[in-house]
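Colleague: Sequence lines, in order, name chains A and B. When we follow the working numbering, the leftmost residue of the first sequence carries the number 2, and every step to the right adds one. When we follow the working numbering, the leftmost residue of the second sequence carries the number 5, and every step to the right adds one.
Derived from the structure by calculation, the hints contain no laboratory data. The C-beta atom is built at its ideal place from N, Cα and C for all residues, glycine as well. Some clues are possibly wrong.
Said to hold, decoys possible - Ranges between beta-carbon positions, derived for each pair:
#1 A130(B) to P194(A): 42 to 52 Å
#2 A150(A) to K108(B): 36 to 46 Å
#3 D115(B) to T46(A): 39 to 49 Å
#4 D152(A) to P103(B): 54 to 64 Å
Claimed, not checked - Here chain A is said to cover these stretches of chain B; the calculated rule only asks that three of the stretch's residues, wherever they fall, bring their Cβ under 8 Å from a Cβ of chain A:
#5 45-51
#6 68-75
#7 89-101
#8 116-123
#9 189-195
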Amino acid sequence: MRVRLKIWRQKSPNTRGQFVSYPVDNVNPDMSMLECLDVLNEQLTENGEEPVAFEHDCREGICGSCGFMINGIAHGPLPATTVCQLTMRHFKDGEELLLEPWRARAFPLIKDLIVDRRAFDRIIASGGYISVSTGSAPDGNTLPVPKEAADRAMDAAACIGCGACVAACPNASSSLFTGAKIAHLGTLPQGKPEKDRRAIRMVTQMNLEGFGGCTNIGECTGVCPKEIPLEVIAAMNRDYLRGNWHARDNVVTTIRPFTEWSYGSKLQIDEQSQS
Amino acid sequence: MATTVIGARETRPARFWAATNGKKVVMAITGAILFLFVIGHMLGNLQVFEGPDKLNAYGRFLRIVPEILWTVRIVLLASVILHIWAAVQLAARKIQARPVGYAKHENVVSDYASRTMYWSGPILLAFVIFHLLHLTAGVIHPGGEFVEGDVYHNVVAGFQVWYVSAWYIFSMILLGFHIRHGAWSMFQSVGINHPRYTPILKKAAAVLAVVIVLGYISIPISVLLGLVK
Numbered sequence: 002m003r004v005r006l007k008i009w010r011q012k013s014p015n016t017r018g019q020f021v022s023y024p025v026d027n028v029n030p031d032m033s034m035l036e037c038l039d040v041l042n043e044q045l046t047e048n049g050e051e052p053v054a055f056e057h058d059c060r061e062g063i064c065g066s067c068g069f070m071i072n073g074i075a076h077g078p079l080p081a082t083t084v085c086q087l088t089m090r091h092f093k094d095g096e097e098l099l100l101e102p103w104r105a106r107a108f109p110l111i112k113d114l115i116v117d118r119r120a121f122d123r124i125i126a127s128g129g130y131i132s133v134s135t136g137s138a139p140d141g142n143t144l145p146v147p148k149e150a151a152d153r154a155m156d157a158a159a160c161i162g163c164g165a166c167v168a169a170c171p172n173a174s175s176s177l178f179t180g181a182k183i184a185h186l187g188t189l190p191q192g193k194p195e196k197d198r199r200a201i202r203m204v205t206q207m208n209l210e211g212f213g214g215c216t217n218i219g220e221c222t223g224v225c226p227k228e229i230p231l232e233v234i235a236a237m238n239r240d241y242l243r244g245n246w247h248a249r250d251n252v253v254t255t256i257r258p259f260t261e262w263s264y265g266s267k268l269q270i271d272e273q274s275q276s
Numbered sequence: 005m006a007t008t009v010i011g012a013r014e015t016r017p018a019r020f021w022a023a024t025n026g027k028k029v030v031m032a033i034t035g036a037i038l039f040l041f042v043i044g045h046m047l048g049n050l051q052v053f054e055g056p057d058k059l060n061a062y063g064r065f066l067r068i069v070p071e072i073l074w075t076v077r078i079v080l081l082a083s084v085i086l087h088i089w090a091a092v093q094l095a096a097r098k099i100q101a102r103p104v105g106y107a108k109h110e111n112v113v114s115d116y117a118s119r120t121m122y123w124s125g126p127i128l129l130a131f132v133i134f135h136l137l138h139l140t141a142g143v144i145h146p147g148g149e150f151v152e153g154d155v156y157h158n159v160v161a162g163f164q165v166w167y168v169s170a171w172y173i174f175s176m177i178l179l180g181f182h183i184r185h186g187a188w189s190m191f192q193s194v195g196i197n198h199p200r201y202t203p204i205l206k207k208a209a210a211v212l213a214v215v216i217v218l219g220y221i222s223i224p225i226s227v228l229l230g231l232v233k
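The whole structure should be built from the sequences, with the hints applied where relevant.
Modeller: Next comes the structure, spelled out in structure tokens:
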């Protein structure tokens with residue numbers, strides 16, 4: 002089958018980007034979207050052109066590296082599927098596909114379809130963990146976990162941090178991501194002791210990163226490749242309210258970016274390769 | 005990555021308000037107050053169908069104790085101001101959060117009402133200002149003289165002007181959309197969501213929105229049809 006890929010090409014964060022249209026003629030319907038881009042990139046390399054930059058790693062839908070907009074929908078039209086798992090047979094022969102990177106201030110563009118999602122890392126670093134004392138592992142089953150809590154925590158833990166929720170949100174809010182982490186850890190008995198502090202820190206970090214605010218539209222859940230429910234955002238709101246009520250001081254620890262990279266000002270990828 | 009301590013000097017309410025989540029909690033609570041007012045106001049208004057005496061008596065009843073009247077008015081005004089203030093700041097954040105827009109963006113699961121809250125809200129504000137000038141203050145009275153205390157006459161005279169009724173009906177339909185989203189969304193904002201009860205809340209919000217719209221627009225429609233005169 003044949004497709005025409007209209008892809009956002011942008012050399013570096015500070016240059017202007019535009020859509021460039023590429024015909025891909027020898028597409029196997031069983032290829033994934035990323036393999037289709039691989040075929041295109043081989044063509045481009047043979048022609049001496051710059052290949053399209055896109056992020057990928059496991060290609061089995063569990064790492065959260067890949068992801069871009071296909072015809073205006075994050076991860077493409079198939080629900081609960083990342084672009085690496087989206088096979089080309091879901092598109093019509095001769096169809097034109099519009100490939101666009103995630104668009105958000107907190108996700109500055111690096112190149113073509115790649116954006117800097119380290120804002121997510123900082124949200125995790127601010128509180129998305131459980132503090133444990135080191136030493137030998139505790140005996141199994143010493144801490145009873147209700148089956149229902151384990152299931153709910155597992156559902157929330159399915160979040161791979163791909164950023165599709167931010168990309169699809171009309172507010173560019175990262176509430177589904179942050180909520181998934183807070184619900185995942187807060188549901189389990191191991192995470193309960195740090196519940197209040199975690200919610201305050203992660204919410205504060207999320208708000209510092211320049212994401213928009215959640216207005217309960219729910220577009221995020223429709224594109225989430227792991228089908229994280231809107232319930233996790235309520236869990237975040239609940240823990241945040243509770244944490245503010247319980248807190249005895251006003252001190253919040255957040256994570257500062259180590260470099261100015263995440264704001265794009267010192268990012269020099271192309272400048273170096275050109276010289 | 006380095007850690008940094010913020011907010012040591014900030015008061016807790018200031019920090020709570022600074023977070024988008026805190027603003028949404030404020031919007032939920034003020035929205036709930038306004039939602040209760042909308043229901044109460046509709047039930048009061050429907051007394052127009054029981055004739056001039058009943059409605060005018062209701063109008064006098066509301067004004068028996070000025071302290072109560074003004075307490076309610078101040079609470080409502082504070083709710084409106086906080087609700088709008090939070091909405092404006094969230095809207096500003098929304099604009100800043102995506103400086104480069106999409107060439108194409110499709111909505112997959114969200115409903116129309118939730119995406120248009122930023123439109124239905126400001127139009128409703130314009131309506132409320134007009135409505136207060138029209139039927140409370142009596143500054144604008146397109147259908148004839150404004151008679152202080154004769155609520156029934158003011159309502160009927162106003163709604164006999166077709167564009168007043170049309171504006172009213174249009175605004176009430178937008179109010180319905182606003183409630184369709186807001187009436188369940190306020191629970192989500194304060195952290196209440198349950199796979200069993202939230203679908204019921206959403207359906208209840210839709211039903212209440214329809215009931216409220218029908219309740220309100222029945223008045224101008226009845227006046228236009230000559231059922232109430």
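Colleague: If a hint holds in the structure, say so; if it does not, say that too.
Modeller: Against the structure, the hints:
no. : hint                           : result
1   : A130(B) to P194(A): 42 to 52 Å : 50 Å, holds
2   : A150(A) to K108(B): 36 to 46 Å : 41 Å, holds
3   : D115(B) to T46(A): 39 to 49 Å  : 45 Å, holds
4   : D152(A) to P103(B): 54 to 64 Å : 40 Å, violated
5   : 45-51                          : violated (count 0)
6   : 68-75                          : violated (count 0)
7   : 89-101                         : holds (count 5)
8   : 116-123                        : holds (count 3)
9   : 189-195                        : holds (count 6)
In terms of the numbered hints stated before, the structure departs from hints 4, 5 and 6, listed from lowest to highest.
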